[in-house]
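Undergrad: Construct all of the structure, not just a fragment, from the sequences and the given hints.
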Amino acid sequence: MNWQADWGLRLRMFVTMFLLFALYIVFAAVITTYVGGGLLVFGLLFGGFSLVQYYFSDTLTLRSMGAKTVSADEYPQLHASIERLSQQADLPKPKVAVVDSNTPNAFATGRNQKNAAVCVTTGIMNTLEQDELDGVLAHELAHVKNRDMMVMTIASFLSTIAFMMVRWGAFFGGGHSRGGGRQGGGGGIVVAILVSLVVWIISYLLIRALSRYREYAADRGAAAITGNPSALASALLKISGEMDKVPKDDLREEAEMNAFFIIPIKSGVVGRLFSTHPPTEKRVEQLRDLEREMQSF
Amino acid sequence: MGLLDGLRAILGSRAETDAGRDADPDDLFGMSTAYLTMQADLGYESLDVGALCFSGVDSAAFRDAVDEVEAILEAGREETGTAFSVTSDDHGYHWVVLADDDPEDLITSMHFAADTFIEHGYGSRLLAAVFAYENRDGPAYWIYSFRRGRFYPFVPRSGRERDSSAEFTLESALDGELEIEREKEYWYPLWPSEGGTHPWE
Numbered sequence: 001m002n003w004q005a006d007w008g009l010r011l012r013m014f015v016t017m018f019l020l021f022a023l024y025i026v027f028a029a030v031i032t033t034y035v036g037g038g039l040l041v042f043g044l045l046f047g048g049f050s051l052v053q054y055y056f057s058d059t060l061t062l063r064s065m066g067a068k069t070v071s072a073d074e075y076p077q078l079h080a081s082i083e084r085l086s087q088q089a090d091l092p093k094p095k096v097a098v099v100d101s102n103t104p105n106a107f108a109t110g111r112n113q114k115n116a117a118v119c120v121t122t123g124i125m126n127t128l129e130q131d132e133l134d135g136v137l138a139h140e141l142a143h144v145k146n147r148d149m150m151v152m153t154i155a156s157f158l159s160t161i162a163f164m165m166v167r168w169g170a171f172f173g174g175g176h177s178r179g180g181g182r183q184g185g186g187g188g189i190v191v192a193i194l195v196s197l198v199v200w201i202i203s204y205l206l207i208r209a210l211s212r213y214r215e216y217a218a219d220r221g222a223a224a225i226t227g228n229p230s231a232l233a234s235a236l237l238k239i240s241g242e243m244d245k246v247p248k249d250d251l252r253e254e255a256e257m258n259a260f261f262i263i264p265i266k267s268g269v270v271g272r273l274f275s276t277h278p279p280t281e282k283r284v285e286q287l288r289d290l291e292r293e294m295q296s297f
Numbered sequence: 298m299g300l301l302d303g304l305r306a307i308l309g310s311r312a313e314t315d316a317g318r319d320a321d322p323d324d325l326f327g328m329s330t331a332y333l334t335m336q337a338d339l340g341y342e343s344l345d346v347g348a349l350c351f352s353g354v355d356s357a358a359f360r361d362a363v364d365e366v367e368a369i370l371e372a373g374r375e376e377t378g379t380a381f382s383v384t385s386d387d388h389g390y391h392w393v394v395l396a397d398d399d400p401e402d403l404i405t406s407m408h409f410a411a412d413t414f415i416e417h418g419y420g421s422r423l424l425a426a427v428f429a430y431e432n433r434d435g436p437a438y439w440i441y442s443f444r445r446g447r448f449y450p451f452v453p454r455s456g457r458e459r460d461s462s463a464e465f466t467l468e469s470a471l472d473g474e475l476e477i478e479r480e481k482e483y484w485y486p487l488w489p490s491e492g493g494t495h496p497w498e
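Residue numbers (this note's numbering), protein chains in the order written: chain V, 1 to 297; chain P, 298 to 498.
Keep in mind that the hints were calculated from the coordinates and are not lab data. Take the hints with a grain of salt, since some may be wrong.
Label pairs and their in silico Cβ distance ranges [stated by the list, open to error]:
(1) P:319 x V:18: 50 to 58 angstroms
(2) V:281 x P:384: 36 to 44 angstroms
(3) V:60 x P:371: 39 to 47 angstroms
(4) V:100 x P:300: 38 to 46 angstroms
Since this is a predicted model, take the numbers as computed values, not measurements. Beta carbons are placed, not taken as given, at the ideal position from N, Cα and C, and that holds for glycine.
TA: What follows is the structure, given as structure tokens:
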């Protein structure tokens, strides 16, 4: 069961990553030229902090979501599904966690395959049929398999630094030059902050694009794991339809985790450029293509 | 992780390629000598049953493939006397269950069935081959993972417990005869459904 590889998707992903990389090289060059090491070291400290967060991502993410790791005795069916899907995906079994929430959602976390966790809400288990839930779980396992946490963390590493510079650069640099620093140091700081701002905005958009491409890739991965693209498609439709009905209070706390959700909570007017996930209709469309290809095989 | 694997991960297509990878059934034949060792050295009786676990694809072409597997096994039944049935479990996975008191015939039939799936392009849907034994403590299984191309022992006890010391004994005794999965996190259990004894029940 091998359908055509989506070279267009791979190419878009590659170009996006290449542009990010090029942007970051320019960024590093400008910063070191204009402000020397000081500010960069400061930025790297913040960046290092985000890497430490990444290192503990599995426990941190689960805790911030209010997720509880569950045993096979508590959720035998969920565990059994994940076991078989992982076996099909050639993955060690991830930790299984559940969030007690009516919002139907699922996410994966963990920096590598060995300490990955797959988490679902009680809402999604109640909303979906077994084969639809399998599709969603396979989508999350595909994220683990494709090392999306790692790729996205590395992709946003310098973006985080640029953000920190915009935020703290004026304060930090300003104080430094008032204390009798080099001549023109103040001007350098202004350039650095402006460059950081531009880098941050562009990289933000590129990272969002990359994130959307990886959703498509995970959908394809899920279809390959379950052999059932239409079950995932109907799950996506069910979840996105359901999303509008749930009370707003639940959403507020969970909004920050959007990037890792199968369907982001905020949708609509924010604009396509800013969303981490592609629109559901487009994902369903892609899955429909896979389904058609599979049927004609 | 090789260079190609790394590149696939970076381009987000590793899940797709690995899940769609074809199965390699050749190592299944390692089980034919293992039968003797299990009986003579370890005191495990063969239950003369084996089973193939596969996940279905909702397409006419896949149903044709399953039909052909059944046709081949039907033809083989007259020659080798291997009885078979096709069932599915609580998780929506399908099983071809084969019974034959001659282990050689059992393995050959199983290999035929797996080969037919592969010829039809559905090798990637094969999950595992299971060989059943028992001793006075209860059943024990050798599971062949088509994804990994390796065997691992599975000794289930009541209450969804695994007898890890029995599994360890089996692992060390059959080491060298079977291609054994070294990484224990890939020793996936295949629990029977409620009320069942064997993984396919």
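Undergrad: I'd like to know which numbered hints this structure contradicts. Please list them from smallest to largest.
TA: Violated hints: 1, 3; rest satisfied.
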